[in-house]
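J.: The listed protein sequences correspond, in order, to chains W and U.
Counting from 7, one number per residue, gives the positions in the first sequence under my numbering.
Counting from 7, one number per residue, gives the positions in the second sequence under my numbering.
Think of the hints as simulated: they come from the structure by calculation, not from any bench.
Mixed in with the good hints there might be a few duds.
If chains are identical, the list can't say which one is meant, so a pair holds when it fits in one copy or spans any two.
No more than 30 Å apart at the CA atoms, straight line, and that leaves these computed lysine-lysine pairs for BS3-like [what the hints assert, rightly or not]:
| no. | residue 1 | residue 2 |
| --- | --- | --- |
| 1 | Lys91 | Lys245 |
| 2 | Lys195 | Lys257 |
| 3 | Lys196 | Lys105 |
| 4 | Lys105 | Lys215 |
| 5 | Lys172 | Lys105 |
| 6 | Lys215 | Lys91 |
| 7 | Lys172 | Lys257 |
| 8 | Lys105 | Lys245 |
| 9 | Lys245 | Lys195 |
Number of protein chains: 2
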Amino acid sequence: MDLRYIGLSIGHSFEAHNHRDEGVYEFHLVLEGQGVFYNGEQEYPLESGTLFFSIPEESHAATSTIPMVLYYCNFWLYPEDQNLKHALRDYFLGHAAIKVGRTTNLVFEEIRRKHQSRDSWLRHSAEYQLLAYLYELLSGEQQNTSHQGQIYINEALNYMQSQIRKDFSMEDLVQRLGIDKSYFIRLFKKTMGTSPLRYYLNLKMDAAKDSLRNSEKPVRLIARELGYEDEFYFSRIFKTYEGISPLPYRKLHLEPEISAASSAEALSIASDLG
Amino acid sequence: MDLRYIGLSIGHSFEAHNHRDEGVYEFHLVLEGQGVFYNGEQEYPLESGTLFFSIPEESHAATSTIPMVLYYCNFWLYPEDQNLKHALRDYFLGHAAIKVGRTTNLVFEEIRRKHQSRDSWLRHSAEYQLLAYLYELLSGEQQNTSHQGQIYINEALNYMQSQIRKDFSMEDLVQRLGIDKSYFIRLFKKTMGTSPLRYYLNLKMDAAKDSLRNSEKPVRLIARELGYEDEFYFSRIFKTYEGISPLPYRKLHLEPEISAASSAEALSIASDLG
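The shape of chain W in the complex, shown without the other chains:
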């Protein structure tokens, strides 16, 4: 990718003809505006919070009865970016408009700021951040959370991280956040696609799997480090979650590369022989 331009754009109308250049992609995010967006053969209502994506062969235009404020971005994809090109075409051809989350303009503003920098690392960072955003868009994961909602989610994630060696108390968490429990659970599920408790369990089991794979710690110790007093209770939870008990999991996944010195040496001997 070559990010050519990202920034705010204003006016009552615009018109663009994209047919000359196969590699140029464009999008417009409407911050303010009320009117019509024309893309290829289609017409879409133009309103705040809508992202319009134009692939190379589609000319596009917009008119608005009130002054428009848009983030406008154009970037170039190289022949090597084949996969992304196809994905964007499949996703956007014929339906150019999508509703995006209320924090998208902050993402674009960050990309703009980095792209404008004189520091070439920051300009690279801007391109990768845009790619990360585009792939997230393609996944269909809609981050439609409000600013305030995202603050609650972030505080909840920080809390879960801080409790990884202990336990998760929903009562404790919602008291810290100062919000209603059922509201929080709904918000979390809507944003993260899973319940707070399952998310926390996933964090914890992920850490357990890391210890099983990358250390020789006995299961009893791993259980204790994760706040489970009872090793057998931990093993039962692990098996329910992973479909396999801790020790068989370890045998299957032991990664020699990050284990103790002895096995690293054993491996370098093996590769000498190979």
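Got chain W sorted already, so can you dock chain U onto it with the hints?
T.: For chain U alone, kept in the frame of chain W given last:
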């Protein structure tokens, strides 16, 4: 890049020997811990908020007097990632430890969540997000803002976007934020590297340049769309900011590709002739 693993890791110590494999990079972000991190020949104090980066040839180890909670990540760089490899080596060889911002663990948690997904677009997004993070790290831009500080910055950016066609009032903004004016100005400068007013001016001049390049609107109209009643006042500001007046800027930068139909057609005729 191939992101192999990112997740929480717990324990009192670990040891890793990286010398076998030229492409494997690792880092550890300390959430909890108090002890020593050994990297290559060096020793570093291990404490919360420190990121330890290990390049392939450096073996590393850590011990802590309290249980450690870390984000552990390992990824593979390909021969094509030559530039990033050199940059990481230059940056981290001999000084593996850096203090990172308090919101870094949320960035890593987002990368972890996406990386774990069954959706391959989200897994791609995780890799690009990590690349964006690494390049930002290399730029030396330290986002050491607190969670609450970032909320103020985000609200200020939203305010600036909403005022792009109007004017920026510092009094109005700090009243909305409900914080002290000089505190806010210091916070903004520290985080964004420039004053709020200059940042706002940059947003506005960026939009002006976009209109000059990509439309045939008269300067008077562009000025009015950006909230300047007086065209000459706008032109003076533009010249002070950009070092050149609006009209000469337009002549220099007119981009035929995104202009009106007539010039697009003119260009396609030109390319037929060429």
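J.: Take the hints in turn and mark each one as holding or not.
T.: We went through each hint and held it up to the structure:
{"no.": "1", "hint": "Lys91 <-> Lys245", "verdict": "neither (41 Å within a copy, 40 Å between copies)"}
{"no.": "2", "hint": "Lys195 <-> Lys257", "verdict": "neither (34 Å within a copy, 53 Å between copies)"}
{"no.": "3", "hint": "Lys196 <-> Lys105", "verdict": "within (16 Å within a copy, 33 Å between copies)"}
{"no.": "4", "hint": "Lys105 <-> Lys215", "verdict": "between (38 Å within a copy, 28 Å between copies)"}
{"no.": "5", "hint": "Lys172 <-> Lys105", "verdict": "between (39 Å within a copy, 26 Å between copies)"}
{"no.": "6", "hint": "Lys215 <-> Lys91", "verdict": "between (36 Å within a copy, 29 Å between copies)"}
{"no.": "7", "hint": "Lys172 <-> Lys257", "verdict": "within (27 Å within a copy, 65 Å between copies)"}
{"no.": "8", "hint": "Lys105 <-> Lys245", "verdict": "neither (40 Å within a copy, 38 Å between copies)"}
{"no.": "9", "hint": "Lys245 <-> Lys195", "verdict": "within (24 Å within a copy, 51 Å between copies)"}
Checked against the numbered hints given earlier, this structure breaks hints 1, 2 and 8; the rest are met.
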